[in-house]
Structure formats: structure tokens, C-alpha cells
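Counted the way the working numbering counts, the sequence shown spans residues 5 to 388.
Accuracy of the hints is not assured; some may be wrong.
Straight-line Cα separation of at most 25 Å, BS3-like style, residue types lysine-lysine; simulated pairs [to be verified]:
#1 K51 - K9
#2 K335 - K140
#3 K249 - K296
Per label pair, the in silico range of CB-to-CB distance [what the hints assert, rightly or not]:
#4 E178 - V20: 18 to 28 Å
#5 T261 - L365: 52 to 62 Å
#6 K239 - P349: 27 to 37 Å
#7 D26 - S326: 47 to 57 Å
#8 R17 - D226: 20 to 30 Å
#9 S82 - C382: 53 to 63 Å
#10 V380 - P349: 43 to 53 Å
#11 D279 - G351: 46 to 56 Å
#12 D160 - V346: 41 to 51 Å
#13 A327 - G40: 32 to 42 Å
Just so you know, these hints were derived from the structure itself, not from any lab. Every value quoted in this text rests on a predicted model; they were computed, and no experiment measured them. Every residue, glycine too, gets a C-beta built ideally from N, C-alpha and C.
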Amino acid sequence: MKLSKLISSVDVRNKVGDLDLDITNIHSDSRKIKEGGLFVAINGFAKNGIEFIPAAIENGAKAIIVEPDVDVHSLNISGEIPVIAVENTRKALAQISCEFYDHPSKKLKLVGVTGTKGKTTTTFMIKSILETHGFKVGLIGSIAVYINGEKIEDTDRTTPESIEIQKHLATMCERHTDIAIIEVSSQATKLDRVTGCDFDVGIFTNLSEDHISPKEHPNMEDYFHCKLQLLKMAKYCVINNDDAKVKTIAELLPDKTIKTFGIDNPSDIRANRNDVKITDSLIDFSINYQGKQEQIKAAIPGKFSVYNALGAITACSYFDVSAETIRKALKDLKVLGRSELVPNPLGITIMIDYAHTPSSLESILTAVKSYAKGRVICAWGVGR
Numbered sequence: 005m006k007l008s009k010l011i012s013s014v015d016v017r018n019k020v021g022d023l024d025l026d027i028t029n030i031h032s033d034s035r036k037i038k039e040g041g042l043f044v045a046i047n048g049f050a051k052n053g054i055e056f057i058p059a060a061i062e063n064g065a066k067a068i069i070v071e072p073d074v075d076v077h078s079l080n081i082s083g084e085i086p087v088i089a090v091e092n093t094r095k096a097l098a099q100i101s102c103e104f105y106d107h108p109s110k111k112l113k114l115v116g117v118t119g120t121k122g123k124t125t126t127t128f129m130i131k132s133i134l135e136t137h138g139f140k141v142g143l144i145g146s147i148a149v150y151i152n153g154e155k156i157e158d159t160d161r162t163t164p165e166s167i168e169i170q171k172h173l174a175t176m177c178e179r180h181t182d183i184a185i186i187e188v189s190s191q192a193t194k195l196d197r198v199t200g201c202d203f204d205v206g207i208f209t210n211l212s213e214d215h216i217s218p219k220e221h222p223n224m225e226d227y228f229h230c231k232l233q234l235l236k237m238a239k240y241c242v243i244n245n246d247d248a249k250v251k252t253i254a255e256l257l258p259d260k261t262i263k264t265f266g267i268d269n270p271s272d273i274r275a276n277r278n279d280v281k282i283t284d285s286l287i288d289f290s291i292n293y294q295g296k297q298e299q300i301k302a303a304i305p306g307k308f309s310v311y312n313a314l315g316a317i318t319a320c321s322y323f324d325v326s327a328e329t330i331r332k333a334l335k336d337l338k339v340l341g342r343s344e345l346v347p348n349p350l351g352i353t354i355m356i357d358y359a360h361t362p363s364s365l366e367s368i369l370t371a372v373k374s375y376a377k378g379r380v381i382c383a384w385g386v387g388r
């Protein structure tokens, strides 16, 4: 694709060189640039992308994009390589990626899930429900990328870089996927990873203190508003009506079509609080769905799992799935490392959970203690 077309929607501040050349690949990682590539030199938290321009050129970069304060004339680059200064390199990368892959999110239905906790489990629940209904489904999340039931690759962050998202969405379109689901972190919206994505449904699971640091969010208000961006981007919204902060979204976004879920407060999809059963192996609750009282079970214990299931069900109600489909999809669902029960010959309850922050660890231990009949032994550690 011509460089001039790729940057047609980007806020360009300065440029030198011929823009009438073909670009065959794009990346912000110089190691992933190939012959005919466009290298976007992002000023990161630890390194400045302009340091890697020589490596990108050596790998085949034919054009460079830099931050607005970079003097494009001062860079020691061959005159044959155009250099473009843009207002926001991260946003530019997302816009260029959408253009390069022909805006794949507009060709399928796109669901985004955000929140402090529950994103992974909720996305897997949605995936299972929609697949059971008969849809071809793709998933981009913190465990892996899946397309139509096949695991494509493992992932190492909640939401990949924008170029990776658009590449995966384009592959889904090629494979005739109907609906794609993305875990959307607060950093994903703050750093423009999902800019340009055309979300049909956005879900906000909950909000608790997390990711407050100099390199992430200065305070809870910034954290909340970064997550709120997903719902601003979506046509339809789903919110947790039992979360004090999340429930305010209905007032903050009065023009949006919003469905709510909860246990304690009146909601569009509400579990009967007197009928919620939680054991060491499952959750069991009833909801009013499509005008009928329906019993739902899921093999992921914990009260938070009830909320995750309610959020997933509410999101899938936009796609008119049946109660029977929901029952089949959730009954035996397992999510890697999320309240994952481990079969063992001793007959004791062993659970693996991804809890990696103080609030997450407290949440899982509180859940376990609510149904544990004996001692609770916790082994906790971190990777190196």
C-alpha cells in the first residue's frame, strides 16, 4: 500500500522525502521490520524509538515515523528514506494499522471487555456462549489468540499492540469469523492500542484500585476514565449495576444504549440473590431471561464468577442467544488459571488462580473461605 494512503488520516506535522512508495509491513518494534517496512519510532517508558531507527533501516525499513518534537532534518538518514513527524505516534500506529489491514473491525461484530477483574473469564464465557449458538468466534486476550476454535498463539499482555490487533482481526475476516472479542485494558485505551476499532458491544465488569503508578495511572479517576473510553467507542454497553463507580456510567453516557447486570440492585439481567448457590466446584443461580425464569450453572466457583457470568449473558443477549444455549455453554466451561480446579487422587479441592495483585488475591481468598469446609492453604508467588 502507498505510504501516502497509509498516513491519509494521520495528523502529520512535518515530512521530508517521497511519500509515493509501497509499504509492505508496519511495526513499532525494529526487530519485526522487514524489507519494505514502515517503522513507527514511539517514545516508550524506557527507550526512545528513534534509537532503533538504524536497526529498523538495516532490517528493511523504507520509511520512518517519529514524534512531533523530532527535527526530521537532523536525523542522519539517507534522503531516499522519507521521515514523517506526527502529533501522536501511538495513535498514528493504530490509524495506519487500520488502514493497512482495510479496517477489519468494520467487517465483523466486535465485543470489548474491560474492568479491573474478570476480563479473561468473561471473554471466555462470551466465546463459549456464542460458539454454542453457532457463531464463528475470535478472541484476543491475556491467555492467547483464538480464531474459530483454534489457538493461534499465546500472548504476554492483556491487550496487544494496535498493529497486532488489526492483523488478528484481518485474519479473522479472512476465515469468515462472525464475532471477535477483545480484552481491553486501561493501558490499551490510554496508549491507543484499540484506537480505530469499531466496537459493537462494550462491557465494564467492575472497578477497584489497581495500576496506580507513575508509569500507568496517576489516580483512580484517570484509571476509570481510561476504561470508560471503551464504552464511549461502543454502540451498545453492558455495566455492572452493583459496582458503585461503574453504575454511574448510565448517567455519564446518557445517549448510549445500556444494559445492566447485578445481584443486589435492580438490573436488566439480575441473579435472584436468595437463589445463588456457591460450592467448591460451581455456581448455581437463577435469572429472568427473555421473560422466563431460568436456572444457570457454571463450573467456576466464587461470587465473582456469578458476576462474570451475568456480564457475559447480558452481552450475549444483544445477539439473541437462547437460555438453553447459555446453560450448555457455561455448564462445563473451564478457563486456564481462573479458579481452575485441579483433579487429584486425594479428592481434595485444589484450585489455580491468576490472582497477581493484592486486591485479586484478597478476592479469591474471600471467595474460597465463603464455601470452604476446612482449612484454606494458599501458596502464592511471582514469576521472574
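Status of the hints after comparison with the structure:
1. Between K51 and K9, the direct Cα distance comes to roughly 29 Å. Violation of the 25 Å bound is thereby established for this hinted pair.
2. A C-alpha spacing of about 20 Å is found between K335 and K140, which places the hinted pair at or below 25 Å, so the restraint holds.
3. Distance check on the hinted pair: K249 and K296 sit about 30 Å apart at the alpha-carbon level, beyond 25 Å; violated.
4. Take E178 and V20: their Cβ atoms lie about 36 Å apart, and the range 18 to 28 Å is violated.
5. One distance hint, 52 to 62 Å for the beta-carbon pair T261 and L365, is violated here, with the actual separation near 36 Å.
6. Our hint of 27 to 37 Å for K239 and P349 is violated, since their Cβ atoms are close to 50 Å apart.
7. The hint said 47 to 57 Å for the Cβ distance between D26 and S326, and at roughly 49 Å that hint holds.
8. Under the hint 20 to 30 Å, the C-beta atoms of R17 and D226, about 26 Å apart, fit the expected range.
9. For the pair S82 and C382, the beta carbons lie near 59 Å from each other, so the given range of 53 to 63 Å is met.
10. A hinted range of 43 to 53 Å is violated for the C-beta pair V380 and P349, which are about 21 Å apart.
11. Between D279 and G351 the beta carbon distance is about 28 Å. The supplied range of 46 to 56 Å is therefore violated.
12. The hint said 41 to 51 Å for the Cβ distance between D160 and V346, and at roughly 24 Å that hint is violated.
13. A hinted range of 32 to 42 Å for the beta carbons of A327 and G40 is inconsistent with their spacing of about 52 Å.
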